[in-house]
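Residue numbers (this note's numbering), protein chains in the order written: chain A, -8 to 346; chain B, 20 to 218.
Honestly, the hints are just simulated from the structure, not real lab data.
Treat the hints with care, as some may be off.
To be verified - Label-pair distances were calculated between CB atoms; the ranges are:
| # | chain 1 | residue 1 | chain 2 | residue 2 | range |
| --- | --- | --- | --- | --- | --- |
| 1 | B | Ala150 | A | Leu332 | 20 to 28 Å |
| 2 | A | Val213 | B | Tyr109 | 37 to 45 Å |
| 3 | A | Phe345 | B | Val145 | 47 to 55 Å |
| 4 | B | Gly113 | A | Gly170 | 43 to 51 Å |
| 5 | A | Tyr210 | B | Ala184 | 55 to 63 Å |
| 6 | A | Trp8 | B | Thr181 | 34 to 42 Å |
| 7 | B | Ala129 | A | Pro5 | 35 to 43 Å |
| 8 | B | Ala129 | A | Thr336 | 40 to 48 Å |
| 9 | B | Val145 | A | Val213 | 35 to 43 Å |
| 10 | B | Ile178 | A | Trp8 | 51 to 59 Å |
Virtual Cβ for every residue (Gly too), placed ideally from N, Cα, C.
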Amino acid sequence: MNAHITGFWNEVSPAVWFGLKLAQVLAFVIVLALLVAALVLADRKIWAAAQMRKGPNVVGAFGLLQTIADALKFFFKEIIIPDGSSKFLFILAPVITLIMAFLAWAVIPVAPGWVISDINIGVLYVLAISSLGVYGIIIGGWASNSKYPFMGALRSAAQMISYEVSIGFIILTVVMLAGSMNLTEIVEAQAGGFWNWHMFRINVMKNPWNILLFPVMFYMGVLFFISALAETNRPPFDLPEAESELVAGYQVEYSSTPFLMYFFGEYVNIMLLCSMMTILFLGGWYAPFDIGVQFLPPVFWFFLKTAFLFFLFAMVKAIVPRYRYDQLMRLGWKVFLPISLASITCVAAWVTFFG
Amino acid sequence: MLVTLTFYLLAAVAVMAAFMVVAARNPVHSVMYLILTFFSAAGLFILMGAEFLALLLIMVYVGAVAVLFLFVVMMLEVDFVEIKQGFLQYAPFGLVMAFILFLEMVLVGAAYFFGDSGVPDTDPEVSNLEAIGSVLYTDYALFFEGVGLVLLVAMIGAIVLTHRARDGVRRQDVGRQVARTREAAIKKVDIEPGEGIGP
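Please model the complete structure; the sequences and the hints are all you need to start from.
Rendered as structure tokens:
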């Protein structure tokens, strides 16, 4: 929505403005829900293809309706609340996960002006909301009053906090380069071809010292991707739900709609981190070459990049074995944290002397 | 009108939740109420136009500190009766603390009421983040770095206090594992029938 149009409606009546915002939120939620349905299927299909299976192919053409059938199945099942559990918290936990997953999308710009709320500390907002996602898991694990969920919850809390630290530092390097915490401005700082994207910043015509920055920022992009895997509890870092040790971790006791909420929230979160990586490192809605492709809408490029990152997420799930817990902690605290801290120093020095 | 209403709602929730932190029987529920208090405080910050502080409060306190509280409280096997027993013993001390806090709040309120709170007016053109940064890294740079040093010392202190060197712990040394060659790991032995490898 264009800024001057919303401004106009705001002047007409606050009620109309409210309705307009509500419509925007609804549009985002519906599109995200449909995308989740598609992504779950894509995830399963990619996983199947990597293992030379066919994957879901019975419900609908090519199994396209499989996710919807699964969702319906979950809706109509009975909600089982374990004996001796904290009932209110037990139901609250998946709701928290789902709400936090959607809440962060309020500041994600998918195309010029296509954003619900264009606040000037968008990066901080996303970090704050994603740090709240831990609660859904830790409360759910505790409220289940059961052994495996509790252990899964503790693992997950430790894991997500550890990797949030390095994600925060990695994002800080991008914020310093873009000079803004507004996500739209961060994307606009990467306009004009892939050589301006933060991950491949090798435009020596613009600034000859970019050649020094390229290795650091490329590495930061890779680190962000791996941290995003850990942050969303995706394989190879899916220790909170490691089925060989903890049955299914924090969601053992969940069935029916609450389980669906966890599942849904997880995929919305994965999409969020894919789109965050697109915005921060891969130039958001800008095309890799700005010649000859103007007829494609910006949102297409955004979607393409996000979908590609999701493909990588799915491939990693298919081909990488699960980490051991101490290796996970070692990677987070002894490898990612020092490297991202050093990179902050490097990028800050670069911005001061060459930027 | 709406702002006033929101303020009273958030303030009421904050006070009630803060009371429930102390009153709740289950310590895990106490931590939940503490989180609710933080949230309400963050909402109050946003009402005052300090959105940066609000998000920082949520990120640091709700996102990290309270999670660690929850972590510890969940792990502890707490005997509730035992905790309640010490209640009367510490009540006078608690009352003194509460009185001091109350006095401080009255003083702050009085200073604000008589118009010399010492809080400078903010420029609406400059964003929150910029305003804080420009003060923190210029006028108060020395104090800022001092606080950083104190935190560093606290961190090192915590590590030194809790670290124990134990014998017989097998650690994975990734560098050594990667550096291992085929020659060091595999020995080719020609074994005569009926003899075995030997010692």
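Honestly, which of those hints from before does the structure not fit?
2, 3, 5 and 6
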